[in-house]
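Next come the chains, spelled out residue by residue.
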Amino acid sequence: MDIPYTVERRPDTGLYNAKIGVWLFLASEVMLFGALFSSYILLRVGANPGTWPHHWLDWRLGGFNTIVLITSSVTNVLAWASLKLNQWDKYRFYQGVTIFCALLFLGVKTYEYVDKFHHYEIVLKDGRIADGHIQPDETTVEKVVVEGHYVKEHAELMDVPPTVVHTKIEIPRSEIVTMQNYGPAHNNFTGLYFTMTGLHVLHIIGGILVIYMLWGPLNGMWKTDPERYTNRVEVAGLFWCFVDLVWIFIFPTLYLL
Amino acid sequence: MQSGHQEQQSHATHDDHGGHGAEHHEPGFFGKYFFSTDHKVVGIQYAVTALLFMLFGFSLMLLMRWQIAHPGQAVPIIGELLLRIHGADMIGKADNGAVGVISGDLYNSYGAMHGTIMVFLAIVPLLTGAFGNYVMPLQIGAPDMAFPRLNMMSYQVYFLGGVTMFASFFIPGGAAKSGWTSYSPLASITEASHHPNGQTFWLIGMVFLITSSLLGSVNIITTIIQLRAKGMTWMRLPFFVWAQLVTAFLLLLAFPPLEAAGVLQLMDNVFGTSFFLPTGLMVSGVPFHSAGGGSPLLWQHLFWFLAHPEVYVLILPGLGIVAEVIANNTRKPLWGYKSMVYGAMSLGFLSFVVWAHHMYLTGMGTRIATFFQTTTMMISIPSVIILTTLLISLWGGSIRFNTPMLFAVGFLPMFGIGGLTGLPLGFNASDIQLHDTYYVIGHFHYVVAPGTIFAIFAGIYYWYPKATGRMMNEYWGKVHFVLSMIFMNMIFMPMFFQGLAGMSRRMYDGGQTYAAAGDMPGLSPIILGLNGWIFVAAVCLGVAQIPFIINFFYSMNYGKKVTSDNPWDATTLEWQTPTPPGHGNFTKHIEVYRGPYDYSLPGQDTDFTPQNEPGKPVPDIHGHPVHS
Chain A
1 MDIPYTVERR PDTGLYNAKI GVWLFLASEV MLFGALFSSY ILLRVGANPG
51 TWPHHWLDWR LGGFNTIVLI TSSVTNVLAW ASLKLNQWDK YRFYQGVTIF
101 CALLFLGVKT YEYVDKFHHY EIVLKDGRIA DGHIQPDETT VEKVVVEGHY
151 VKEHAELMDV PPTVVHTKIE IPRSEIVTMQ NYGPAHNNFT GLYFTMTGLH
201 VLHIIGGILV IYMLWGPLNG MWKTDPERYT NRVEVAGLFW CFVDLVWIFI
251 FPTLYLL
Chain B
258 MQSGHQEQQS HATHDDHGGH GAEHHEPGFF GKYFFSTDHK VVGIQYAVTA
308 LLFMLFGFSL MLLMRWQIAH PGQAVPIIGE LLLRIHGADM IGKADNGAVG
358 VISGDLYNSY GAMHGTIMVF LAIVPLLTGA FGNYVMPLQI GAPDMAFPRL
408 NMMSYQVYFL GGVTMFASFF IPGGAAKSGW TSYSPLASIT EASHHPNGQT
458 FWLIGMVFLI TSSLLGSVNI ITTIIQLRAK GMTWMRLPFF VWAQLVTAFL
508 LLLAFPPLEA AGVLQLMDNV FGTSFFLPTG LMVSGVPFHS AGGGSPLLWQ
558 HLFWFLAHPE VYVLILPGLG IVAEVIANNT RKPLWGYKSM VYGAMSLGFL
608 SFVVWAHHMY LTGMGTRIAT FFQTTTMMIS IPSVIILTTL LISLWGGSIR
658 FNTPMLFAVG FLPMFGIGGL TGLPLGFNAS DIQLHDTYYV IGHFHYVVAP
708 GTIFAIFAGI YYWYPKATGR MMNEYWGKVH FVLSMIFMNM IFMPMFFQGL
758 AGMSRRMYDG GQTYAAAGDM PGLSPIILGL NGWIFVAAVC LGVAQIPFII
808 NFFYSMNYGK KVTSDNPWDA TTLEWQTPTP PGHGNFTKHI EVYRGPYDYS
858 LPGQDTDFTP QNEPGKPVPD IHGHPVHS
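So the protein lines, in turn, are chains A and B. Residues 1 to 257 (this note's numbering) make up the first sequence, in order. Residues 258 to 885 (this note's numbering) make up the second sequence, in order.
Treat the hints as calculated values from the structure; they're not laboratory data. The reader is advised that the hints may include incorrect statements.
What the hints assert, rightly or not - Computed footprint of chain B on chain A; a stretch qualifies when at least three of its residues, placed anywhere within it, have a C-beta under 8 Å from a C-beta of chain B: (1) 18-25; (2) 137-149; (3) 185-194.
By construction, the Cβ of each residue, glycine as well, lies at the ideal position given by its N, Cα and C atoms.
Isolated chain A, as found in the complex (with noise of 0.2 Å):
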């Protein structure tokens, strides 16, 4: 038994099976992104005033981060252009860039999360705050070694000038009230910014999962079947920039507002 249209087009909707799939899982994906950041809208507007932070996050990582994620989208359309044009060697050079890109996105994000995770707000004994990274080499069970600044006020923090100096802050254990990194359970912002940009990388991760096994491991098929190994390329293409796509909503609402 054969499924109709699993290559081909059916003749009145010109699609193929696949394609009218991804576009409606990518639809499914929409609500999904549009539900997180209906959410970041409603925690933005309904926060007290002067609780939400600005410039947290550095826009230039996030700004080459997106480029590369571009680049990593007209890469992949061209991949399959290649393919379409009968040009094998072509397409494994441009997909080969897209894996490329989306790994250096993936290590620039690492670079950016485990940042978070080492900054560090202290509110010390005499009501000071401490703000700043962590130095794990130089901190002990009795002293915590920062390289930041101090605040009088929680509030200072939420958007902090970029001309603040920063110098190595020693602090004994005991004079420390409360300790907690830019993790997740930070604040709302932390937190979106965690939930929005994890579930992107796991998108990430999902795609160039599927668009590396059709590189590699899966590219027999471009032998005995190229026109479903095209259409396969062409699916996972849709997704990936969907993805892309996504990227390029988070990065202002996060980075930039």
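For chain A, the structure is supplied; the task is to place chain B on it using the hints.
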């Protein structure tokens, strides 16, 4: 599910269109029943699993009804067993020393899991997973679903979700306790000392179920768009297929926001974020440790954005089944087929803009409430259109009252009561009185229990001969119907009176503490006394299902054999396959010439003209032959 003899028969009929060699080797037992990609096997897997979950959800309800009717008394017979399962924290001793008193926490678990299981593990999988999978591809003349392996995965992921939900009863702290709605912050602070707790299991289970429904709905929509047989144009689709299409779109687009909400709540519960936890939250007089700034209303918006369309997911395929059965047994076309199709589409669109009518009392503001009140009144129009067309379809038919038809006809007034009692809840002024009372419980159970579940029974009795090659017993089917009808009403009708009297739906002692609250005007003994009657009726309803269960299994091997592939003399394509259909469904070329309900067409040899029959010319009003 079929006897060995029939298996052989069906394979024999399908050998002739093979020729793919490797594809046609005989699969083993596991390959056939657990890893089958055949949409019919997947459909039956869904049906059996979901029916079992429905029975389980029903038993939870029986325990709750015992507790409401006899608070503080030990559950008879299975008290010791409950103690073993739930432990001494959850199961207490009665004053007379008997073991088996359900604690408030356990009651909450049962309530939350009854709702979750009935909605997400029983009704929806039965409607879309079982009937959608089994019947829809047959009705459009397709050899299978568009993505057979995704279909198999959809069932497996659903099964995992079910296992996760079921397992949560046995972990420390027990299953989720915050209602099937899992409102935050309650859901984040309950059992916060245990990790992972029942709520974590609930959320992970929901992620599985949402994934399963995503795979299923993509598959259903693609199949309907792409795999319709030649000549099967949109307005020739049986109404059931339309219902499945709209339902699949609802599942596709409404479920993801709940998935997002689930992820956010999981972050709240496991990683300490505070998306739904407001600033200054106090738990038992102690400040709750979180960053704060979250919004409990946000959870409710995200939840009901799914859960209102979900209501139409629960009812639309039911209407589809009833439409098929009614057309078949009145022996005439559905009255107003197009109105029904447009009605179903309007229902689909409108169902996305009515969700906040569940939230009138949350303080979200009267302007928003007014908006949602208006849309809620609008959505009642297409519902009434569909119900009315079904009712008018009965008019002038020579009706065959077999078991499926009895359930289908019984569905109409039950769904009518359920729908009409919803109107006072849709107006926010009257909702202030009725919100969170038993009136609400009565209302939505009339829609889903004697409504959708009757439609499901109708569907099972109707398509059973196609799936097994044997009929279910008519006499016991009728007994099943009459008893179910009586006891369903005995259970749910009194709830309207209790609700109007002000009985809250959340009281685990059935409102007795409230009634005994000193000088306060409490609930009258008559209203409270209804609790006892409802419990008795619920037990009787359970007993009334025994004929069905025996009938279902007995008839598989011993039921009356069907004499033709089309035992009900139906017009739609699922009856044009061999019985039971083999892998690949149709053994002949299918081309569609006509609409789905050409019953009693003039000038034909029979009173039914299947969709793939070119048919004879239909005479005009003067008796002259004219081509249709």
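Right, here's what the structure says about each hint:
no., hint, in the structure
1, 18-25, "holds (count 5)"
2, 137-149, "violated (count 0)"
3, 185-194, "holds (count 7)"
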